[in-house]
Amino acid sequence: MSYLKKTTYSLAMSAVLIGCGGVETKSEKIEIENKKLENSIVVSEKNIEPSLQEKLSLPVVSEPILPETVVLAPNSTNRENKAAESSSGTVAGDDDLVNLAPNSHLISLKVKSEKHPFYGVGDSKGFIIDGVEGKELVLKRGERYHFQVNSTPMHDAYISTDEMGWGAKVVEEGVEGNFTFDGVMTIMPNENTPDVVFYQCQNHKAMGARFFVVDQNDTRTLADLTAEYGALGVVDSGGRKADVSSSEVKQKLSYASLVAMSKPAKRVKNSNNPEAKSLLESSQKKLSEARLLQNAGDNRGAMLLIDEALRNMSLASRMVPSESVKNEQEQRYHAAVKLLAQQEKSHKDASDRLLLQGGDVVEYSRDDVSVFKSAAKLHADEKRYAAAISDIQQADRVVTTALNEMLDSQTIKYELNLDTPQGEYKYEHNRYLGYAELIPVAIEEKKPSKGQMMLLNGFVNKSKAMNAQGEAMAEEGNFPDAIRLTQEATKQVRRALRMLGVKQ
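Last residue of the sequence shown: 504 in full-length UniProt numbering, with the numbers rising by one and none dropped.
None of these hints come from the bench; they were simulated from the model. Check before you lean on any hint, since a few could be wrong.
Said to hold, decoys possible - Derived Cβ-Cβ restraints for the label pairs, each shown as a range:
1. Asp352 / Ala465: 16 to 26 Å
2. Met454 / Ser247: 48 to 58 Å
3. Glu475 / Gln216: 40 to 50 Å
Stated by the list, open to error - SDA-like mimics (lysine to any residue), calculated; alpha carbons at most 20 Å apart, straight line:
4. Lys269 / Glu281
5. Lys338 / Ser370
6. Lys345 / Lys205
7. Lys377 / Asp352
8. Lys266 / Gln342
9. Lys169 / Ala227
10. Lys338 / Asp349
Backbone N, C-alpha and C define an ideal beta-carbon position, used for all residues, glycine too.
From just these sequences and the hints, can you work out the full model?
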């Protein structure tokens, strides 16, 4: 086994170390840097640090680079040049819709055609998603969605409860990156997110379309939801809802009557939840009023009441979930608690390491986290798991924000003496810890399925066992075996990261 001479390595905790022994050095210092090319990250032999968000989701650059260079992973399309409007009104560089990861989409801009739901209304340009004008999507609560926005400064996208947009009624909870024209906007709907939200422009009316938000176990398709809520964009030249026909009201009223007699409605009626029962009773009254308005010829007024009744029934049914949904929510709650504990430990480990190195620690409000955790436990004891999950997610955001800021902004310098086996072991051990710290962050970003989590835990547990054996060998002075075991532990962690879609 050969050992290199003493070298100082400077790296960010969120970066990936270049392997020992493969770098030809002409100076005493190698500094590992991430060079950002628009939405891509390349590791080269200079000095820049990638953010965790960039590491987990930005696209790969396909140009040839140094043999020892590590390319960090794509979830979107590669845009080498700044967005610019062409004479046709389309933003250049939007049509390369390749390698989009699940729950990742591209929002871009073009002049509206008849295919856009708001053609002839509002601005002449409209948003397109994945190449489709005014595309509508179904979003699941508890899942994270990434939208790469490629627009212009005058057309920044945001999430709203107003179908016209224009900067009104911003949805802030669960949304990061509102009012973005060139960057990433993420949406993670929760129990408080309305059943329907809109992606629109801050500065102009009616450029986007609609997202439907449903629970995890909801099997309704986009076609089902469109039939339930009606087609979007049926407006007159003034931006008002166009006249509704009697047949449309009759069809929608029949559907609403079926919903009012469904199993979820009966479950609400037989429950001990007064708020949900009140919503159901209010919905039934609104349906009766809608029938009266229909008979009087006020089809538009009838349709508005039917829509409101359906929204209230949907909300009431979520407040009284079925046993299967309760079980699913309970599992999600315990998984969220476990993830929060992992994030707290990662923050402590990173803080301890920074203190030893003389770095700046980014603290979070432990009082706030304690309040959220106490509220979550209270809700869970009452079997109100949806509320408990929301509490834990708020606590998780507090910890994760501090952790990401700390890992993204700090550079830790390891003095590695590779002249000795002990020095090489220290290098390999720090390398293992650097990868291991990315696991909880990757889980938070990627939201793996239960099956993926089982496989992931297998890799992680195996890596922990190997690392523990390596530490024991190092304490005994058996550094060759300690190095070998630690390298194997790192391989297992990297396999776990690759399984989550984090390319290295």
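Tested hints:
1. Asp352 / Ala465: 16 to 26 Å: Given about 22 Å between the Cβ atoms, the range holds.
2. Met454 / Ser247: 48 to 58 Å: holds (51 Å)
3. Glu475 / Gln216: 40 to 50 Å: Holds, since Glu475 and Gln216 (Cβ atoms, about 46 Å apart) stay within the stated range.
4. Lys269 / Glu281: Measuring from Cα to Cα gives roughly 9 Å; hence the hint holds.
5. Lys338 / Ser370: holds (15 Å)
6. Lys345 / Lys205: Judged against 20 Å, a Cα distance of about 46 Å means the pair is violated.
7. Lys377 / Asp352: Violated, at about 29 Å.
8. Lys266 / Gln342: violated (40 Å)
9. Lys169 / Ala227: violated (25 Å)
10. Lys338 / Asp349: This hinted pair holds, its Cα atoms lying about 17 Å apart.
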